[in-house]
Amino acid sequence: MKLIKDKVAKLSFVALLAAVSASMLYTPTASAHGEKSQAAFMRMRTIHWFDLNWSKEEVAVNDTMTISGKFFVFSGWPETVDKPEISFLNIGIPGPVFIRAGSWVGGQLVPRSISLELGETYDFKVLLKARRPGDWHVHTMLNVKGGGPIIGPGKWVTVTGSMKDFVNPITTLTGETIDLENYNLSNTYFWHAFWYALGLAWLGYWMRKPMFIPRSIAVEAGKADSLISGADKKVAMGFAVGTLAIVAMSFSNTESQFPVTTPLQAGLLRGIKSIEMPATSVAVKVEDATYRVPGRAMQMTLTITNNGDSPVRLGEFNTAGVRFMDSNVAVDETGYPDDLLAEEGLTVSDNSPLAPGQTRTVQVTASDAAWEVYRLADLIYDPDSRFAGLLFFYDAAGKRQLITIDAPLIPSFI
Amino acid sequence: MSASQSAVRSRAEAVKVSRTFDWLICFTLFFVVLGGYHIHYMLTGGDWDFWTDWKDRRLWVTVAPIVSITFPAAVQAMLWWRYRLPFGAVLCILGLLLGEWVNRYLNFWGWTYFPVNFVFPSNLMPGAILLDVILMLSGSMTATAVLGGLAYGLVFYPGNWAIVGPLHVPVEYNGMMMTLADLQGYHYVRTGTPEYIRMVEKGTLRTFGKDVAPVSAFFSGFVSILIYFLWHFFGRWFNSTEFVKSA
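Quick note, the sequences are listed as chains A and B, same order.
Counting along the first sequence from 1, when you hit position 309 you're at 309 in the numbering used here, and nothing is skipped either side.
Counting along the second sequence from 1, when you hit position 52 you're at 52 in the numbering used here, and nothing is skipped either side.
If you're looking for bench data, these hints aren't it; they were derived computationally from the structure.
Since the model is a prediction, treat every value here as computed from it, not as a measurement.
Incorrect hints may have been included.
Here are the simulated SDA-like pairs of lysine to any residue, each with C-alpha atoms no more than 20 angstroms apart in a straight line [said to hold, decoys possible]:
1. K164(A) - Y113(B)
2. K209(A) - T191(B)
3. K83(A) - K145(A)
4. K145(A) - Y113(B)
5. K210(B) - S256(A)
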């Protein structure tokens, strides 16, 4: 028996040690957002982010940076996701490591929710002010009511300095400049401490006398009324009157100290201006599309017709924020995140300039580890196995045309 | 000592044991109530209590008293009918506020760095004191439900205004007007809490101009009366000892 007890004790000690080690010695920072876990079709067929720019990769506490770019609200929005009639331009960061100093869609400040139209393209900008030091994955993000968060591309940004130095000065309409980081804090602590103390005083008044056993005996014996004395009633009256007086006084003082207050502001912002996109002169038909699982490559057969007046070439395929590029045609110069950029990931069977009036059917292959790393290959497990994305065509002068495609995707396992 | 003999040998010893028992029960009750009430309030009051940009003059005023009068009613029923102790509501609110402050300070501020002036809990103490006093003076659960429940709803908004009011000062921000509380909600990014899930200033109380808070408070007080009755019976039911066979 003793042997068993000793063993149990020893094993328990080892288990405790392991648990403590597991929880204390390995504590990685949760700094990304599960973006790879979001259903692939959500990322490929809802919001297409492009022309993104993170203004800085390193920023000091109190300094600002911007994320700007455009997003196209995909016309073939999936039925399983509510349309973005109530949406909110958010930012994907691990808590308030930055403050959102401003955000604009179509040039309008959007502190509240907005209504977006399918098939429209919007430009946006988010101004961030660094608050907490660390390396943070900063994502574009659009929350859609009934659809959830639709997370866009993210880039690592380093914040340097100390959070102690962070300030958030705001000037109110009454002319006072405050630091929103700690404004009203001592007032909050004071009133909570005050009321807590008053509650403790009430509790203490009753706890100083014998409580459960003698009072239970008295109640059982039919002497319950004797348990509340006249003095108790006076004290209770004092607490009640005092409470009402303090509430009235504190309310009145606050009203006189802050005579101008307004209700919280709420309501949907409509009429957000979209970008007038230039008319396209290239027409694309997706003949078929397959995803070759072992090769981590998507192959499309496209029939391209150039209705314009200058030759064009296909330079980029962008889906779910992953950019597959033909480096002979287009090169990224914006510092786009490496893990989302396949600089030579786009192969076109014949990517010679397509002359005006000409139609050509080509095999296009978009291949990169990003298919697996970003779990876009999981699209084949979605209930509606379709893909979508943006194709960018360029003419010799560098003029760009954006074409959206949307077609079924057939997986190939061999 | 046989089973029929007393465990104590003198009155002094009996008093000492009784007081020890008091402290044990109070300590246990406090933390049991804290845990249960805190979970209940987070699930039902949740965001209205978490963030200043949810603390509006309509829904916060309406919802917070209704969902928070629950445990005080139940614990009052137990402590009053069995022991004539009129501190059930205050005990509950002391537990709830302690749990909330620990949560807000350690989790919201300590782990995720939301400023405390953005995430402090609502003050429920004035209503709790009135609830206990009305029960003690009236000795009636019905009077406590009607008068206390109404008072609990009515006193909530003015009881919090000293803390929340300064955050309702308006500010002009990039061409839009908002309150400082709105600005806190905008500045301190909540990735998982988009603006549209904020349930504030919704409803049809549009004929009362800017004075909707008293109307909301009256409505809250009225529903609090009903909820008090319901949870009072929960308390009595939980407090029943009918299942214990007498020796």
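For each hint, the structure was consulted:
1. K164(A) - Y113(B): holds (12 angstroms)
2. K209(A) - T191(B): Not OK: K209(A) and T191(B) at ~51 angstroms, beyond 20 angstroms, violated.
3. K83(A) - K145(A): holds (8 angstroms)
4. K145(A) - Y113(B): violated (26 angstroms)
5. K210(B) - S256(A): holds (18 angstroms)
Violated hints, listed in ascending order, are 2 and 4; each of the other numbered hints is respected by the structure.
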